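*Asks:* So the chains spell out like this:
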Amino acid sequence: MSVIVLAEHSGGSFKKKALELVQYGQKIAAQQGGDTIAVVLGDIAEGELQQLGAYGATKVLHVADARVNDFSARAYAKALVAAAQQSSAKVIVTSHDVIGRSVAPLVAAQLKAGVAAGAVAMPENGNGFAVKTTVFSGKGFANIAISSDVKVITLMANTFQPQKGESSAVVEKLSVSFDDKDFGIKVKDVKKVTGAVPLTEAELVVSGGRGMKGPENWGVLEELAGTLGAALACSRPVADSHWRPHHEHVGQTGGTIRPNLYVAVGISGAIQHLAGVNTSKTIVVINKDPEAPFFKAADYGVVGDALEIVPKLTEAVKKFKAAQ
Amino acid sequence: MKILVCICQVPDTTAKIQFTDNNTKFNTQGVTMIINPYDEWYALVRALELKEAGTASAVHLVTVGRADAEPVIRKALALGGDEAFRIDADSNDTYEIAAEIAAFAKDQNYDLILCGKESIDYNNGMVPGLLAGMLDMAYIGFATRIEVSGSTATVSREIEGGEEVDETSLPLVISCQKGVAEQRIPNMRGIMAARTKPLKVIPSSGAGALATVSSYEMPPAKTGVKMFTADQMDELVAALHNEAKAI
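Protein sequences, first through last, are from chains A and B.
The first sequence lines up with residues 224 to 547 when you count with the numbering used here.
The second sequence lines up with residues 4 to 250 when you count with the numbering used here.
Isolated chain A, as found in the complex (with noise of 0.2 Å):
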């Protein structure tokens, strides 16, 4: 039974997670005996293809085709379906991304596939096929058991790390007959923000709440961020005052994230942003009242104001990189 993934590409390779998720296509076909075959859509060199071999995939269908250098919904969800009936897959993967969030619901609503969404381990397959996934933002996980013959799962980022091997897989061109309609949607304006750690993606993240009392105080967060090679969030009350964009907002109304570490600096740690965040691996907080709940769902704590001991943590990254 082959897999099918969505490998995920910009500024000319593959993300992480794209990686990610093709070693996690080629477990689910491990254990169902069949090949794993990555989707590919839009420009990307032939190499970075082939690249997705070493990750697990025995076969790569590229659709080669200008219209798809954009996103569109639909033509991606149209693409996976064809990879998915020309080679008799069952189980269709995507990230627990924007992307994968929207092109995973067309491709389920075409195929009839039930869907598990956010999962964050491998299928067991002892008593039909279920997928573990977080739900209640972090606050509890459902084994959810599809019954459908096709399957859909979006898979929650950092959920596995990526190794490397030898194999290589088949490049194919795969050619999909798109009609207008699946370019509807006009693109007429992108805002990146660019440089930045996306923060889904992030596997260090440094959050600031309302402890740091003012924007004017982020210096400190950013400079931390950038010696760790982390991405930024932050609480509610911060996005809700303007003082930092909403995309960085973590919690039960925000985004749910599960980087190897959260560093949370003047969190208090309401149980609706503890919601978004409790999965992260290691937890560190840093605020200046010892009660902060956080303390509670944290793994290092450190009680102090933010503006004396954030320059000091970075000060310390430092010399631990330096020394490395």
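Worth flagging that the hints you see were computed from the coordinates, not collected in a lab.
Hints are not guaranteed to be accurate.
[What the hints assert, rightly or not] Far from chain B, by Cβ distances over 12 Å, these chain A residues were calculated:
{"no.": "1", "residue": "Gly235"}
{"no.": "2", "residue": "Ser311"}
{"no.": "3", "residue": "Glu426"}
{"no.": "4", "residue": "Lys436"}
{"no.": "5", "residue": "Pro438"}
{"no.": "6", "residue": "Glu439"}
[Unchecked claim] No more than 30 Å apart at the CA atoms, straight line, and that leaves these computed lysine-lysine pairs for DSSO-like:
{"no.": "7", "chain 1": "A", "residue 1": "Lys544", "chain 2": "B", "residue 2": "Lys229"}
{"no.": "8", "chain 1": "B", "residue 1": "Lys225", "chain 2": "A", "residue 2": "Lys239"}
{"no.": "9", "chain 1": "A", "residue 1": "Lys335", "chain 2": "B", "residue 2": "Lys28"}
Predicted, not measured: the structure shown is a model, and the values here were computed from it.
Every residue, glycine too, gets a C-beta built ideally from N, C-alpha and C.
With chain A held as given, fit chain B onto it using these hints.
*Replies:* Chain B only, in chain A's frame:
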């Protein structure tokens, strides 16, 4: 222009999450149910704004649920909206919920279907896209701004590390998040009016579930926090490297 807003009932954001019946059910004991914040604050309020501006002629609300979901629909009607529909089915399968709504909406000629970007209980964010697929409508996910002029919609949506402005023609399904509108508090007049607004019960189309929750799990408990003083930052970094293997 007719707008359909999809509403779902979820546990309050402060609710303690517990599971019962050998971890196969969510324990609703003592849990207050609310309208999913993304549905209420953004999708519903934007629909009402479009009606107030004269762009929309009617705003309909739909939910999939049993009679216990009605107080939440009445609360939504108190904010505004002309009529509400409750599809009489009980499901936590995203495909089944979308299929029930699609079966209801397919003959209604909605120009715009607005949903929240995800429910805060299952966090799937799949219903809007599934609906678009099932109804063969265009779909824009994770919108932060929606403008409609004639039959053209201009929608800003979240992309990785930024925002994109899209333009397309109706009909259209959009999933909404922060930025689309501002939360409103229902006033007394709205609450009174909601009591007499039509709330029709639609029988289930019998779509059936393609997935079920076989069991729930709680996240593993933290073992306890290790504290460091301001002068022990080197030790903290060493712990992050050696012990947590985070850096």
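*Asks:* Under the constraints set out in the numbered hints, which ones does this structure not fulfil?
*Replies:* Hint 3 alone not satisfied by this model.
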